[in-house]
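The listed protein sequences correspond, in order, to chains A and B. In terms of the numbering used here, the first sequence has 339 at position 339, counting the first letter as 1, and numbering is strictly consecutive. In terms of the numbering used here, the second sequence has 56 at position 56, counting the first letter as 1, and numbering is strictly consecutive.
Hints in this document: simulated from the structure, not taken from any laboratory. Cβ coordinates follow ideal geometry from the N, Cα and C atoms, glycine included. Do not take every clue at face value.
Which stretches of chain B does chain A cover? Using the computed rule of at least three CB atoms under 8 Å from a CB of chain A, they are [stated by the list, open to error]:
(1) 96-102
(2) 109-123
(3) 224-235
(4) 279-287
(5) 292-306
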Amino acid sequence: MSLRLEPRDNASVGLKLGVSLAAGLIALLLVAIPVLFAGGSPLNAYGLMLQGAFGSMFALSETLNRATPLILTGLACAVAFRAKLWNIGAEGQLYIGALAAVCVGSGLLQLPPALMIPTVMIAGFLAGGLMMVIPTIIKQRFGADEVVITLLLNFVVILFIQMLIEGVLKDPMALGWPQSVPLIAEAKLPKLLPRLRMHWGLIVGLVAALILWLMVRKTVLGFEIRAVGENKAAARFAGIPVDATMLKVALISGGLAGLAGVGEVAGVKGYLSSDLSPGFGYSGIVVAMLAGLSPIGTVIAAVFVAAVFVGADSMSRATGISSYIADLVVALSLLCVLVGSFFLRFRVKFERRQVEA
Amino acid sequence: MDVIFDILGSANFWAAAIRIATPLIFGVLGALICERAGVLNLGIEGIFVAGAMAGWLAVYLGAGLWGGVLVSALAGALFGLLHAFLTVILGLSQHVSGIGITLLATSVSYFTYRTALPDVTSPPRIAAFQPLNIPGLSDLPFFGPALFQQTPLTFLALVFVALVALVLYRTPLGLAIRAVGDNPASVEAQGLSVVGLRIGAVVVGSALMALGGAFLTMSAFDAFFFGMVNGRGWICIALVVFASWQPGKALLGALLFGAFDAFQIRLQAQIGQVVPGQVFLMLPYLLSIVALILVARRADYPRALLQPWTKGQRH
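Go ahead and model the full structure; you've got the sequences and the hints to work with.
Shown next, in the form of structure tokens:
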């Protein structure tokens, strides 16, 4: 027997789906090891996680509430990665989007909700988008790598937010807690169901996924993004305005991450604080990769990652096993789906070696 | 102006500059070795965390300080091996693998810390490395406290700068490592293993990165905190570009950075509440971005950086 690798031209949708499913499953199975190490029973832990994530209407609402920002940061990464623009700054863009929502929506403007909510969302989108357009311009003008710059900007942004919520934006009514002034009622996203935290941001995320899916398949921009992502030189040769396309991608990508921030401020918390996001921007990278950069897949992957986090929290409360188990699952899923991409590129063949006479 | 000269004239400032630079020296050297061999290692941020946690925990459990250093380096090497497997052997995306390693190493470290010490409210402490007393040098006026009262890990970092420079520029191994990041085909033509050299470089580089983390928990502080690495790994990735992938310039870059950071802390203490503290805290990241922009056009990237290699490949 020998092993041979044949390059594949195109992986089928079924295969891609299989690879992502397998990656998630293997990641879940692998964390049985740390669960055992922590003195727990893996089966019991999985059961509690499943129950904690989907076991009741409340659990489901919590999972979808958690999935909402992940859909948007996942889409932000998916659209950028498709154009080979490495936006690792969704975390910072999320915070800037949230900041814009607070600036516009905390009393500066007085509009009825039908106008106020779109205004807040547009502000968050533009602010987040600008936050990605800047490193993209820097990349185009100076040739500086966007990966490191977007990573470093995440730290700058969070300090900037801390400065504002301890300074000019500080809520004097918050008993000394560093948090911003609250949004006015008109700017808040309504809840989807009474007594549950799910809010209209989820619908925004789903609509964004749908629009992106249509954009990638049916529009000129979608074609240009794919062309630029596959081969920049060829795209340029074919007359595609590469730089302009990249800037549009940057605006959309950062904007979507900004919307995630708007959702958290206007749909969940009502104010801005420096613990608004427990790493939604970084998890968005995993969501996008698990989804194979497909917009519809992003929704599913976001629900999976959200369920892991919500389920792990609930499991942790019941068993005392650290909820960092969720971060482990998420990190392992990313590495597993990366290994899986090897099988999307190559067909592995086992061959019986001919016996030579 | 007097304020500035007061700061620059204090031995304490220079000692702090070197202390702040130390983890960066380890990190930049580690990243430099990986990238010279053609592999970008964005796992650095997580490897810092893993090195910091593993080293500290080993000491806490009674391994002794140098035992902790060893454990820390081994932890880094292990994550380096994983990164090498994914990027060198399977030829997968170095960006994605690196981010994945950072996420994995960070969560493994946090999970292990929480599981090993479930009930602690304040981080337990260890007896960390103390400044060395070098006979003759440490007692010099001004220069003693400014330069020669550092902990052993700082001197180890400096030794590594010389060692890495020596190996890279003066040995056949170094020539092979540099070639493998520039023109892997030439290395294979020599009958050397591109894959083997790259794996070795990533593993050694990652072990060095972990020592940067170990310095934080075993020298700069005496405990492990969540979020203590705080972007230092990413700063190292920017500094490598700034240093044009040369060990000497890497040392210079890290020291400049340390000096700047030590200076702003002291300036902040002196001029007080004129601007919010966060402005000063932002400076290291902004400085890294500015440094990156300034050198980007002239940057002489290893030509095969990010490019996977398959045996017998032709161009």
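A quick look at each hint next to the structure:
{"no.": "1", "hint": "96-102", "in the structure": "holds (count 5)"}
{"no.": "2", "hint": "109-123", "in the structure": "holds (count 5)"}
{"no.": "3", "hint": "224-235", "in the structure": "holds (count 4)"}
{"no.": "4", "hint": "279-287", "in the structure": "holds (count 5)"}
{"no.": "5", "hint": "292-306", "in the structure": "holds (count 5)"}
No hint from the list above goes unmet by this structure.
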